[in-house]
Amino acid sequence: MSSRRHFIKQGSLAGLAGIVNPSEIVKAFPIEKREPQSAKWSDGSRLVVSISMQFEAGGQPVNAESPFPQNIQKGYIDLPGATWFDYGYKEGIPRMLDNWDKLGIKVTSHMVGSAVLKNPVLAKEIVQRGHEAAAHGMNWSSQYTMPYEEEKKFIKDGVEAIKQATGFDAVGYNANWLRRGVNTLKILQELGFKYHIDDLSRDEPFIIQVNHSDFVVVPYTLRCNDIVLIEGRNFSVDQFFNQVKTEFDQLYIESSFRRRQLSISFHDRIGGTPQMVKAAYDLIQYMQKHKGVVFKRKDEIASLALADPTTIRDY
Numbered sequence: 028m029s030s031r032r033h034f035i036k037q038g039s040l041a042g043l044a045g046i047v048n049p050s051e052i053v054k055a056f057p058i059e060k061r062e063p064q065s066a067k068w069s070d071g072s073r074l075v076v077s078i079s080m081q082f083e084a085g086g087q088p089v090n091a092e093s094p095f096p097q098n099i100q101k102g103y104i105d106l107p108g109a110t111w112f113d114y115g116y117k118e119g120i121p122r123m124l125d126n127w128d129k130l131g132i133k134v135t136s137h138m139v140g141s142a143v144l145k146n147p148v149l150a151k152e153i154v155q156r157g158h159e160a161a162a163h164g165m166n167w168s169s170q171y172t173m174p175y176e177e178e179k180k181f182i183k184d185g186v187e188a189i190k191q192a193t194g195f196d197a198v199g200y201n202a203n204w205l206r207r208g209v210n211t212l213k214i215l216q217e218l219g220f221k222y223h224i225d226d227l228s229r230d231e232p233f234i235i236q237v238n239h240s241d242f243v244v245v246p247y248t249l250r251c252n253d254i255v256l257i258e259g260r261n262f263s264v265d266q267f268f269n270q271v272k273t274e275f276d277q278l279y280i281e282s283s284f285r286r287r288q289l290s291i292s293f294h295d296r297i298g299g300t301p302q303m304v305k306a307a308y309d310l311i312q313y314m315q316k317h318k319g320v321v322f323k324r325k326d327e328i329a330s331l332a333l334a335d336p337t338t339i340r341d342y
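For our numbering, count along the sequence shown from 1 and bump the result up by 27.
Check the hints yourself; a few may be wrong.
To be verified - Pairs of lysine-lysine residues, derived as DSS-like cross-links and limited to a Cα-Cα distance of at most 30 Å, are as follows:
(1) Lys151 with Lys180
(2) Lys101 with Lys117
(3) Lys183 with Lys117
(4) Lys101 with Lys145
(5) Lys318 with Lys133
(6) Lys101 with Lys133
(7) Lys190 with Lys145
(8) Lys180 with Lys190
(9) Lys129 with Lys179
(10) Lys180 with Lys129
Claimed, not checked - Ranges between beta-carbon positions, derived for each pair:
(11) Glu92 with Tyr342: 35 to 41 Å
(12) Lys129 with Pro174: 44 to 50 Å
(13) Tyr114 with Asp276: 30 to 36 Å
(14) Val321 with Pro147: 39 to 45 Å
(15) Val321 with Asp226: 19 to 25 Å
(16) Asn238 with Glu177: 17 to 23 Å
(17) Ser330 with Asp265: 46 to 52 Å
(18) Glu92 with Glu177: 23 to 29 Å
(19) Glu258 with Glu152: 36 to 42 Å
These are computed hints drawn from the structure, not numbers from a lab. We put the CB at the ideal spot given by N, CA and C, even for glycine.
Using the sequences and the hints given, assemble the complete structure.
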């Protein structure tokens, strides 16, 4: 038989004719079994949970999309819509910070530069309470449309805003809606970044080559993301809880034989509401009851990945 396709075709015809037992065809092409990996996370963790806390409110453009009907007449400002964003820095982030303290975990806050400059005291508090400040652009512009030098300045300005407010040197990056451009990773490498998160292709960190050097991808999530599920699909808090819990349960099973990471994303004006903070508290308490589950900042995950020779490399 000259090919697998020919074999399947002939086997199918024979099967229809009652000549070949279907089980014999299956035996000819056995499913490859994964052997258990001896190396999990190099620090002994079984499953790493990575939480993002997006600091965007205050940096949004005029009349940015909100839960209000998008029918504001041209030339007018959506004043109620602006208050929805204001909630993010007035109530949302402060409430989430208290929640992380109660749970004893540290998170990564992706900060928009213009939002940080508007609320520098809050940005500094995030870092003072032990969380990572990562860059999220200078504003909500679509950087993938920018020429090389313009994009480089856009990223650099956001980094400098974070440094000015918090004293923290950002080493991680998240583009607006993950939409980086063809030059983004080269620019990040040039500016001294260690990792980016604008990738959904794996459930564990991996290493790529950028400018002939190692660069880490710490995968992000849309499946466990409040802006997608709560605002985009109108999930209830219970639906959000069950979706993330189910994701955790499956990844915990897989983590017995391979390196796994669970990502969860909260946005200041959504994840910081009372109902969502309570749901997050209950979720995290549930996860913390499982042996080997740890919560890490993304810069910590990137450092582990770089130092571990068993980290997946995608070249």
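ask   = Okay, which hints does this one fail, numbers in order?
value = 6, 9, 10, 14, 17, 19
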